[in-house]
Structure formats: structure tokens, C-alpha cells
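**Q** Put together the whole structure using the sequences plus the hints.
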Amino acid sequence: MLHALLAPSPTINYNFVVAVYAFFAALCVLLFALQFVTTSVEGFYVVVAPFVPCLVWSIFVRNRWLRERKEADADVAEKTQESKKDQ
1 MLHALLAPSP TINYNFVVAV YAFFAALCVL LFALQFVTTS VEGFYVVVAP FVPCLVWSIF
61 VRNRWLRERK EADADVAEKT QESKKDQ
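Numbered per our numbering, the sequence shown spans residues 1 to 87.
Just to be clear, a hint being listed does not mean it is correct.
What the hints assert, rightly or not - Here are the computed lysine to any residue pairs in the SDA-like style, where the Cα-Cα straight-line distance is at most 25 Å:
| hint | residue 1 | residue 2 |
| --- | --- | --- |
| 1 | K70 | V17 |
| 2 | K70 | L30 |
| 3 | K70 | A26 |
| 4 | K70 | H3 |
| 5 | K70 | L55 |
| 6 | K70 | N15 |
| 7 | K70 | P10 |
| 8 | K70 | A7 |
| 9 | K70 | A4 |
| 10 | K79 | R69 |
| 11 | K79 | P10 |
| 12 | K70 | A22 |
Said to hold, decoys possible - Each pair of labels, with its calculated beta carbon distance range:
| hint | residue 1 | residue 2 | range |
| --- | --- | --- | --- |
| 13 | T39 | N13 | 35 to 43 Å |
| 14 | A19 | E71 | 22 to 30 Å |
| 15 | F36 | E68 | 38 to 46 Å |
| 16 | D75 | F36 | 48 to 56 Å |
| 17 | D73 | E42 | 45 to 53 Å |
| 18 | T80 | G43 | 51 to 59 Å |
| 19 | F44 | H3 | 17 to 25 Å |
| 20 | G43 | N13 | 29 to 37 Å |
| 21 | E71 | F23 | 23 to 31 Å |
| 22 | I12 | P50 | 17 to 25 Å |
| 23 | K79 | I59 | 26 to 34 Å |
| 24 | K79 | H3 | 21 to 29 Å |
| 25 | L6 | T38 | 33 to 41 Å |
Derived from the structure by calculation, the hints contain no laboratory data. Using N, Cα and C, we set each Cβ at its ideal position, and we do this for glycine too.
**A** This is the structure in C-alpha cells:
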């Protein structure tokens, strides 16, 4: 089950996913810090708080996605080298 949760989809750009989650996680931290300065934003950080664990998840998936892409690129390069040797 855990394997399925961390398996990257080949059609998704996880660099973009991590960037979006990082933006909203940073917004969460900013809103959390601002609630100690002013009362007008008290509790607003709760709205974007789910992005923090999503960021952690997407970083794990992105690392796996990058590793799989690197392995696939290495396989393609190896096959290309082999086909050049055969000619």
C-alpha cells in the first residue's frame, strides 16, 4: 500500500508540484508568524496547513521520480551506444 502512495506517475511534473506545495507551505508559515503580530489574521494559517504534509509527500515522490527518469535516460543512452557499435 505504501508503495502505491509513493509511486510517481510518469505524466506528472513533480518539480511543479513541489514548487506549488512549497509556496503554500511558506504561506502557511508566514500566516502562522503574522498571527503573533496582528490579530486580524489569527487562525488563517489553518486554511493552508494541509500543504505542509503534502509538501513532504511530494518531495519523496519527486526524488523517486527523478531517480526513475535518470535510470530511464541511462537505459536509452546505453541502447543508443549499443546500436552505434553494431553499425
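**Q** For each hint, tell me whether it holds in the structure or not.
**A** Comparing the hints with the structure gives:
no. : hint                  : result
1   : K70 - V17             : holds, 19 Å
2   : K70 - L30             : violated, 35 Å
3   : K70 - A26             : violated, 29 Å
4   : K70 - H3              : holds, 19 Å
5   : K70 - L55             : holds, 22 Å
6   : K70 - N15             : holds, 14 Å
7   : K70 - P10             : holds, 13 Å
8   : K70 - A7              : holds, 15 Å
9   : K70 - A4              : holds, 20 Å
10  : K79 - R69             : holds, 15 Å
11  : K79 - P10             : holds, 21 Å
12  : K70 - A22             : holds, 24 Å
13  : T39 - N13: 35 to 43 Å : holds, 40 Å
14  : A19 - E71: 22 to 30 Å : holds, 23 Å
15  : F36 - E68: 38 to 46 Å : holds, 42 Å
16  : D75 - F36: 48 to 56 Å : holds, 52 Å
17  : D73 - E42: 45 to 53 Å : holds, 49 Å
18  : T80 - G43: 51 to 59 Å : holds, 57 Å
19  : F44 - H3: 17 to 25 Å  : violated, 36 Å
20  : G43 - N13: 29 to 37 Å : holds, 33 Å
21  : E71 - F23: 23 to 31 Å : holds, 29 Å
22  : I12 - P50: 17 to 25 Å : holds, 19 Å
23  : K79 - I59: 26 to 34 Å : holds, 31 Å
24  : K79 - H3: 21 to 29 Å  : holds, 27 Å
25  : L6 - T38: 33 to 41 Å  : holds, 39 Å
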